[in-house]
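Novice: For the protein sequence lines, the chains are H and Y, in the order given. All the letters of the first sequence, read from the start, carry residue numbers 81 to 366 under my numbering. All the letters of the second sequence, read from the start, carry residue numbers 79 to 252 under my numbering.
Check the hints yourself; a few may be wrong.
A few chain H residues facing chain Y, derived, Cβ under 8 Å [as the list claims (entries may be wrong)]:
1) Lys84
2) Ala112
3) Pro120
4) Gln124
5) Tyr127
6) Asp136
7) Tyr142
8) Arg276
9) Glu281
Per label pair, the in silico range of CB-to-CB distance [as the list claims (entries may be wrong)]:
10) H:Trp113 with Y:Lys237: 42 to 52 Å
11) Y:Val232 with H:Pro190: 18 to 28 Å
12) Y:Tyr242 with H:Ile90: 36 to 46 Å
13) H:Asp230 with Y:Ile209: 51 to 61 Å
14) H:Ile106 with Y:Pro117: 18 to 28 Å
A short list of chain H residues far from chain Y (calculated; beta carbon distances all over 12 Å) [said to hold, decoys possible]:
15) Phe88
16) Ile203
17) Val329
Derived by calculation from the structure, the hints in this document are not laboratory data. Built from N, CA and C at the ideal position, the CB exists for glycine as well.
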Amino acid sequence: MDFKTFSFVILAVILAPFAGGLLAGIDRRLTAWFQGRSGPPILQPFYDVIKLLGKDRQVVNYWQIFCVHIYLISSVLCVALFAMQADLLMIFFVMTIGAVFMVVGAMAVPSPYSQLGAQRELIQMLTYEPLLIIVFVGIYLVTGSFKIDDILSYERPIFLMLPLLYLVLTFALTIKLRKSPFDISTSHHAHQEVVRGVLTEYSGPYLAILEIAHWYEIVLILAICGLFWSTSWIGLVLLLALTYMAEIVIDNVTPRMTWKWMLTYVWAVGISLSFFNMALLYANSF
Amino acid sequence: MGFFQELLHKSRMKSPWLIHFDCGSCNGCDIEVLACLTPVYDVERFGVLNIGNPKHADILVVSGTVNPRNAKVLKNIYDQMPEPKAVIAIGACGTSGGVFREAYNVLGGVDKVIPVDVYVPGCPSKPEAIIDGVVLALEKLKVRKPEKDTEPLVADLKKAREFYENREERQVTG
Ligand code: SF4
Chain H
81 MDFKTFSFVI LAVILAPFAG GLLAGIDRRL TAWFQGRSGP PILQPFYDVI
131 KLLGKDRQVV NYWQIFCVHI YLISSVLCVA LFAMQADLLM IFFVMTIGAV
181 FMVVGAMAVP SPYSQLGAQR ELIQMLTYEP LLIIVFVGIY LVTGSFKIDD
231 ILSYERPIFL MLPLLYLVLT FALTIKLRKS PFDISTSHHA HQEVVRGVLT
281 EYSGPYLAIL EIAHWYEIVL ILAICGLFWS TSWIGLVLLL ALTYMAEIVI
331 DNVTPRMTWK WMLTYVWAVG ISLSFFNMAL LYANSF
Chain Y
79 MGFFQELLHK SRMKSPWLIH FDCGSCNGCD IEVLACLTPV YDVERFGVLN
129 IGNPKHADIL VVSGTVNPRN AKVLKNIYDQ MPEPKAVIAI GACGTSGGVF
179 REAYNVLGGV DKVIPVDVYV PGCPSKPEAI IDGVVLALEK LKVRKPEKDT
229 EPLVADLKKA REFYENREER QVTG
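So here's chain H without its partners, still in its complex pose (with noise of 0.2 Å):
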């Protein structure tokens, strides 16, 4: 690893929190707006996240500390895998520890409402994850390679290939992101239902870590997005806010659903919609 790249890594890992928290900031920001309220300063998640930090922790066992520092490490990795410009798949399987291992410590706990939650978690899991491979591997079949530093280097914005295939990667966006119509484990807007899903058990600086996590994990996935369109920072910029305008919207706009209507429709419609989109490649090639 050269100097460059190593700049490059230890750049994203500082700077990839700070945007996912304005980011953050910024969607309660414009909901608040759309709702006719006026809504908190921009810097409210890091107002939330520092007092979460300085409060008393109020821990169940040692597995949920355990998981909670599991889950950071791995969303940080994954942050630091893609500045590196690695191997999609490899951040994909990193990824997946993160996401596992915070159900872990949810299920580690004799709670139902967390029970519950990381059930549910993991349903949401089993829907985005396929998707996501499919995601790639339309990736591979327009730039031949799994690599970042190959796509990066592919002479067009793939999204011009793969638009209905950036469609399917907005889904695993829209949960990741825990956002309506897919926040079935926990929500961000009704802070009640099923007391807090997934998040029920972890408290204090845990929680705090846990959100930490969350926004490199944000970050990770537009950054996914933003390979869609590589060639141009115009394309880029305008590329990732339509798409997180978009999920604004629908966030506001639907009420959240069931797990087995998230399950059925998105794979319903992600596997029809990457299907037709490689078939367009196929026909495109001949």
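Starting from the known structure of chain H, fit chain Y with the ligand onto it as the hints suggest.
Specialist: Only chain Y with the ligand this time, still in chain H's reference frame:
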């Protein structure tokens, strides 16, 4: 150290998360508490969130009178909140028992069971008064008293295990 201390105090003041517990109120006060969340009052401006989970909350908002049955639940919720925390009693019922004070099953106000920091009078209390009560409670949240939790993590874990092991004795229902 000074900078971080100040940042922490500021963050505590700027992000009070509430848990609202209806301790046998007539629902008049509850509606007023919920009214604070609507676009007219919009308490999220001040970072206030209505959290349904005592483990995440900073301020316990209680409306209504306490009776022997829900006193245990109230105490349980209070104990589940990590320090620093504050308690606000809402309405005539919450502060003293109100019109139900003489009823055979009523113990009285919330302060019969847990320590109350702010009393918000009114029947029902106005949303403005409730928001004012939250602002008063913030002062209590700013600095944790007693100063610092010095228990080592291992002791905490041991306590948690013992707590889980004799869970049957503490059972509220049944
Ligand atoms: S104070 Fe008045 S409005 Fe509030 S719970 Fe008591 S009787 Fe109802």
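Novice: Evaluate each hint against the coordinates.
Specialist: Here is what the structure says about each hint:
A hinted interface residue such as lysine 84 of chain H counts as satisfied when its beta carbon comes closer than 8 Å to some beta carbon of chain Y; here the least separation is about 33 Å, so the hint is violated. The restraint placing alanine 112 of chain H at the interface with chain Y holds, with a minimum CB-CB distance near 6 Å, inside the 8 Å limit. Of the supplied interface hints, the one on proline 120 of chain H holds, with its beta-carbon coming within about 5 Å of a beta-carbon of chain Y, less than 8 Å. The beta carbon of glutamine 124 of chain H is positioned within 8 Å of a beta carbon in chain Y (closest approach about 5 Å), and the interface hint is therefore held.
With a least beta-carbon distance of about 4 Å to chain Y, the hint placing tyrosine 127 of chain H at the interface is held under the 8 Å criterion. With its C-beta approaching chain Y no nearer than about 4 Å, aspartate 136 of chain H sits inside the 8 Å limit, and its interface hint holds. The interface hint given for tyrosine 142 of chain H holds, since its Cβ lies 6 Å from the closest Cβ of chain Y, which is under the 8 Å cut-off. A hinted interface residue such as arginine 276 of chain H counts as satisfied when its beta carbon comes closer than 8 Å to some beta carbon of chain Y; here the least separation is about 4 Å, so the hint holds.
The interface hint given for glutamate 281 of chain H holds, since its Cβ lies 7 Å from the closest Cβ of chain Y, which is under the 8 Å cut-off. Checked against the hint of 42 to 52 Å, the pair tryptophan 113 of chain H and lysine 237 of chain Y passes, with Cβ atoms roughly 45 Å apart. As the Cβ distance of valine 232 of chain Y to proline 190 of chain H is approximately 21 Å, the hint placing it in 18 to 28 Å holds. Between tyrosine 242 of chain Y and isoleucine 90 of chain H the beta carbons are some 42 Å apart, a value that agrees with the proposed interval 36 to 46 Å.
For aspartate 230 of chain H and isoleucine 209 of chain Y, the Cβ-Cβ distance of about 56 Å falls inside the hinted range of 51 to 61 Å, so the restraint holds. Checked against the hint of 18 to 28 Å, the C-beta distance between isoleucine 106 of chain H and proline 117 of chain Y comes to roughly 19 Å, which is consistent with it. Chain Y leaves phenylalanine 88 of chain H outside its interface by the beta-carbon criterion, the shortest separation being 29 Å against a cut-off of 12 Å. Against the 12 Å criterion, isoleucine 203 of chain H stays outside the reach of chain Y, whose nearest CB is about 21 Å from its own CB.
With a cut of 12 Å on Cβ distances, valine 329 of chain H stays outside the contact zone with chain Y, its closest approach being about 18 Å.
In this structure, the one hint that does not hold is number 1.
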